[in-house]
Amino acid sequence: MFRGEQAEMSGSEILSTLLGSEIRGDLLVLFHKNPGLIDTVDGVARRIGRTTVTVISELRELLELGVLRQKRIGNSEIVFLDRAKDRDLLQSVANHLKTVRIGGEK
Amino acid sequence: MRIRESSPTNPHGDFGSAPRSTDPNRRFAAEKAFSSVLVSTVREAVGNALGHNVLEILTAKGLLDDANNSKEFDRKLQSIFGNGAAVLERIVVKDLNRKLGIPYNSEARLDYEKSLETAREVCFVESRLK
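Line order of the protein sequences matches chains A and B.
Residue numbers 1 to 106, in the numbering used here, belong to the letters of the first sequence in order.
Residue numbers 107 to 236, in the numbering used here, belong to the letters of the second sequence in order.
What the hints contain is simulated information worked out from the structure, not anything from laboratory work.
A portion of the hints provided could be inaccurate.
Stated by the list, open to error - Here are the computed distance ranges between Cβ atoms for each label pair:
id, chain 1, residue 1, chain 2, residue 2, range
1, B, S212, A, N34, 27 to 35 Å
2, B, S185, A, Q91, 19 to 27 Å
3, A, G74, B, L235, 49 to 57 Å
4, A, T52, B, G168, 37 to 45 Å
5, A, K71, B, A166, 33 to 41 Å
6, A, V100, B, A214, 42 to 50 Å
7, A, S12, B, P130, 42 to 50 Å
8, B, F134, A, D42, 24 to 32 Å
9, B, K138, A, K71, 45 to 53 Å
10, A, R87, B, V145, 45 to 53 Å
11, A, V53, B, P209, 34 to 42 Å
12, B, R215, A, Q91, 41 to 49 Å
13, A, V53, B, E137, 37 to 45 Å
The structure displayed is predicted, hence computed values, not measured ones.
Glycine included, each C-beta is placed from N, C-alpha and C at the ideal position.
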């Protein structure tokens with residue numbers, strides 16, 4: 001269902017993708033608070049109090065970015081955090097934010 | 107002030123009509139307690155969403171310098187995150203409401219300033235009930 005692919009993106013683009021929706025924000029918080037979490041899409045949706053239908057497209061964005069990965073185990077497709085990729089992506093975001101002036105002051 | 111770890115219900119009813127405390131000392135203490143809860147919630151929200159490196163960079167840049175001023179905080183978030191600011195504000199309000207036992211409706215449009223005012227009033231009411 002999902003493919004974990006990511007073209008080279010800037011820190012700003014990564015940030016926009018990560019915070020692209022409230023559900024994506026909830027997914028980030030869920031996986032960052034539980035970095036060892038492995039669950040099905042249904043299970044992940046339940047954990048953040050959403051339906052599977054509303055979560056699928058948001059999960060797809062994070063899978064394409066590479067912060068999450070998907071794997072088939074038996075009859076189930078499970079989702080989990082790619083910790084190394086997550087670290088790299090957040091470092092790109094951090095590097096981008098170093099150059100940003102809060103409030104627009106220069 | 108009591109901070110609840112988790113409560114799905116609202117035991118206080120209409121927070122918007124909560125009376126303001128007349129005791130300045132008590133109000134000051136409640137304001138300070140609320141400020142502390144809010145700043146820690148904002149730190150947790152940013153840290154959990156974007157990691158601790160990002161949190162430390164934003165802290166060094168002064169994001170949390172005036173976290174109690176919701177307008178100023180909102181302006182700073184907008185300048186950094188654009189549309190993503192609303193996502194972070196929702197994470198903050200959701201977590202703050204959970205701590206204070208205020209129901210959160212993810213379907214409703216978020217008014218960050220009003221949400222913080224409601225949370226502040228709950229802190230004041232709780233300080234008066236102590």
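Original post:
R215/B and Q91/A, beta-carbon distance inside 41 to 49 Å?
Top reply: Distance hint for R215/B, Q91/A is violated at roughly 34 Å.
Original post:
Cβ-Cβ distance between V53/A and E137/B: within 37 to 45 Å?
Top reply: 43 Å, holds
**OP:** Starting from the range 19 to 27 Å, see whether the pair S185/B and Q91/A falls in it by beta-carbon distance.
**Re:** 22 Å, holds
Original post:
Taking the beta carbons of G74/A and L235/B, is their distance inside 49 to 57 Å?
Top reply: For G74/A and L235/B the Cβ distance comes to about 53 Å; the hint holds.
Subject >> CB-CB spacing for V145/B and R87/A relative to the 45 to 53 Å hint >> reply: Violated: the Cβ-Cβ distance is about 26 Å, outside 45 to 53 Å.
**OP:** Starting from the hint 24 to 32 Å, judge whether the C-beta atoms of F134/B and D42/A obey it.
**Re:** 49 Å, violated
Original post:
Does the Cβ distance between V100/A and A214/B fall inside 42 to 50 Å?
Top reply: 30 Å, violated
Original post:
Is it true that the C-beta distance of T52/A to G168/B lies inside 37 to 45 Å, as the hint says?
Top reply: Once the Cβ atoms are compared, 41 Å apart, the range 37 to 45 Å for G168/B and T52/A holds.
Original post:
Taking the beta carbons of S212/B and N34/A, is their distance inside 27 to 35 Å?
Top reply: Violated, at about 20 Å.
Original post:
Taking the CB of K71/A and the CB of A166/B, does the distance hold inside 33 to 41 Å?
Top reply: Holds: the Cβ-Cβ distance is about 38 Å, inside 33 to 41 Å.
Original post:
Would you say the C-beta atoms of S12/A and P130/B sit inside 42 to 50 Å of each other?
Top reply: This hint holds: roughly 46 Å between Cβ atoms.
Subject >> Distance restraint hint 34 to 42 Å, applied to the beta-carbon atoms of V53/A and P209/B >> reply: Given range 34 to 42 Å: violated, Cβ gap about 24 Å.
Checked against the numbered hints given earlier, the structure breaks hints 1, 6, 8, 10, 11 and 12 and satisfies all the rest.
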